[in-house]
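Protein chains in written order, with my numbering: chain S, 1 to 225; chain E, 1 to 225; chain G, 1 to 225; chain B, 1 to 225.
Just so you know, these hints were derived from the structure itself, not from any lab. These numbers were taken from a predicted model, which means no experiment stands behind them.
Copies of the same chain look alike in the list, so a pair counts if it fits in one copy or across any two.
Pairs of lysine-lysine residues, derived as DSBU-like cross-links and limited to a Cα-Cα distance of at most 35 Å, are as follows:
(1) LYS88 x LYS138
(2) LYS101 x LYS138
(3) LYS101 x LYS88
Number of protein chains: 4
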Amino acid sequence: MMGSVLPPCVDDAPQPAIAPAARALTEAMAAIYGRGWCDGTGGNFSCVLQQEPLLLLMAPSGVHKGAVAPEALIEVDGQGTVVRGSGKASAETALHLAIVKQCQAGAVLHTHSQAGTLLSQWGLAQGHLELRDLEMLKGLSGITTHACSVQLPVLANDQNLQRLSSLAAPLLPQAPQGLLIAGHGLYAWGDTLPNAMRHLEILEFLLEQHWRQLLLRAVAPPPCT
Amino acid sequence: MMGSVLPPCVDDAPQPAIAPAARALTEAMAAIYGRGWCDGTGGNFSCVLQQEPLLLLMAPSGVHKGAVAPEALIEVDGQGTVVRGSGKASAETALHLAIVKQCQAGAVLHTHSQAGTLLSQWGLAQGHLELRDLEMLKGLSGITTHACSVQLPVLANDQNLQRLSSLAAPLLPQAPQGLLIAGHGLYAWGDTLPNAMRHLEILEFLLEQHWRQLLLRAVAPPPCT
Amino acid sequence: MMGSVLPPCVDDAPQPAIAPAARALTEAMAAIYGRGWCDGTGGNFSCVLQQEPLLLLMAPSGVHKGAVAPEALIEVDGQGTVVRGSGKASAETALHLAIVKQCQAGAVLHTHSQAGTLLSQWGLAQGHLELRDLEMLKGLSGITTHACSVQLPVLANDQNLQRLSSLAAPLLPQAPQGLLIAGHGLYAWGDTLPNAMRHLEILEFLLEQHWRQLLLRAVAPPPCT
Amino acid sequence: MMGSVLPPCVDDAPQPAIAPAARALTEAMAAIYGRGWCDGTGGNFSCVLQQEPLLLLMAPSGVHKGAVAPEALIEVDGQGTVVRGSGKASAETALHLAIVKQCQAGAVLHTHSQAGTLLSQWGLAQGHLELRDLEMLKGLSGITTHACSVQLPVLANDQNLQRLSSLAAPLLPQAPQGLLIAGHGLYAWGDTLPNAMRHLEILEFLLEQHWRQLLLRAVAPPPCT
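One chain only, chain S, in its complex shape (with noise of 0.2 Å):
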């Protein structure tokens, strides 16, 4: 049975051929590293090219996410699988499957940025951390208003990805369109590859404030009328 084609990657109308949604997921992966979020060969980055079989676009494991060339992107299958292109699949290829499944995502954002790292260690202990009353939590989908409390859910990292996959697939379906591993960094996803990337600045602008909150208030706290 030959699946249906459609490709999440892309806002625009339905592209039968991968080349733009290719095109689209290696100049996301140049901005990410425009940004210093996925420094040597750190993250991962995939987005659907069909739901049923499954067929994930992604990077192969082991390059420079910044430097990508369409041509050089792989294709993997529900099993984690390279069915098209030369190259290996990450090991994390595993999360970004359970997330895609789960969380009905069109692409999947693993960045490695230092507010999320730093902050991944921080919140091990309590397996959340807690982001509240910023009206930049709008920008995920589903939240309407600033006065609410959102919980990214913290993981302890782990080099058996399916093991790790295991314990991330409760989390998944409250998770605000992302998840720390301790150590690691963020993965974020969303619908389509935009709104993925719109959900990936938001919570790493979120992780940014953060951190600056907690230095801020422990050395300076606001003073009172």
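Starting from the structure of chain S, add chains E, G and B where the hints point.
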């Protein structure tokens, strides 16, 4: 009655066409995004196309402000109704209109920066942030010496923008070309778009400086002679 | 008497025309703006077009230094009078001229950076900032080892630039290619524009480093063996 | 005896000409400058053109590393003598050569970043900086799990680079593709230029992360469950 066409958005000679103003506003938005001041779909930006009757050019709600095409901008009348272009006007249009009317502003720039968000929460209890003794203050229209003290108003955030605008109204005449909404961000304005940009850069500089001052003075007070 | 034409603004062979110096200065200003060191209309920048009689090329007062066209620069004589171009000379021209005359500078770059502003206020009571034991100091002309201590003068800000220049004068001969004005920013200079740019980058690096040192040492002193 | 021509500077097939290696090295230097890691004339960068006899391609001493033309690079032999091109070899060539010979490095990148300078002084008394439990460590060749601890050596700075290189020599075999010189900066290396760049990005990330960890943990320890 046809209103007179006065495009205060650009510094040059009067422009009968909308194109130069639209290009100037989208370039300003792209520059603001490049500085990290409107991540996600945060922020909004407008300039006056015509004073009588009032006509505002602005970005539609919910789009990424860093990559708006000039043709995608909308025109909004003095009641906040979209009169040209497709897309919804942001709820924040109410505050843009209040500022334009009360401050004779030709452009209003609303950002979500790290320092603006941080200090808007920090200064809420006091209701203002005091900025003083800095040469950069002279970049704000009407200030001619560093030896002055400026109070940047801080208002509580509110999803009801009509109510928020009513609370802002009495503060606008004394506001130093800007005000903060707590947990939300900065509004800056000016009689033309270039002057609003200058005020935005100045106020964002002063906010970034203010939180560094708070940190440094708290942990390492200056040495005496 | 016609003075000899010596353009120390550029490193290359003597340039009879003003164009290369104007282009070099506007490119330097755009690069400085790109680093966030002259937001708003902050900062000013000059280079010597001719020594005898003195002729300075500089940006007019009140313009945005990041986007000045070479043709928009003005020429100023040794008394600070505009002798060519349209626009007003900044009041700060007095200090530019004092530095050029006393330090044989070929270019003077005056910035408003975060670290410069912060530490200029922090160091005012002592009257200087001590920079020491850093390899980067060797980028300043005349310094050949990191094992040295340099005192960067800090003067109180003053809207009377003649008075400020008189107070600066006795400090200039010992100043390490730069000085700070409190709550205002840094002046850096060099015998040519490229050397002034090098000194500016070095001093801005050292200022940013200094405030990070102050923060880190105050809250987390180095571990002993 | 003519040595074999092996250009480990570039990942591609062997290049008989110097041009691709020179272009790759100048592009790397421009990118490093763009990140603020070699301001002024700070830093130095080399790659191996030929192993037997050893031939290093590098920037001459005292130039701005962000804007070197490929033709302006010099070639240096295994004793640090310039054998091609005009300009002086930096005194730091001695340490580049020691690293190339002892670590089989194909490229050596020496930066002056804020975090590297700060932590090199902070860690000097202990003689090393401990980096641990971070996924980013896996970007360093030979490391396969985040659950590890890496000791980045820290040496005292010395203007006598022969003496400094002798002190570095016994530390190089265990060094994690890099070492710090106190108050000076980072040396990072790799078997090829792209791998050296990857190690540089990883180590700079880890240094920036380390000082943020020190700040945050000191003033706002993580909450317990």
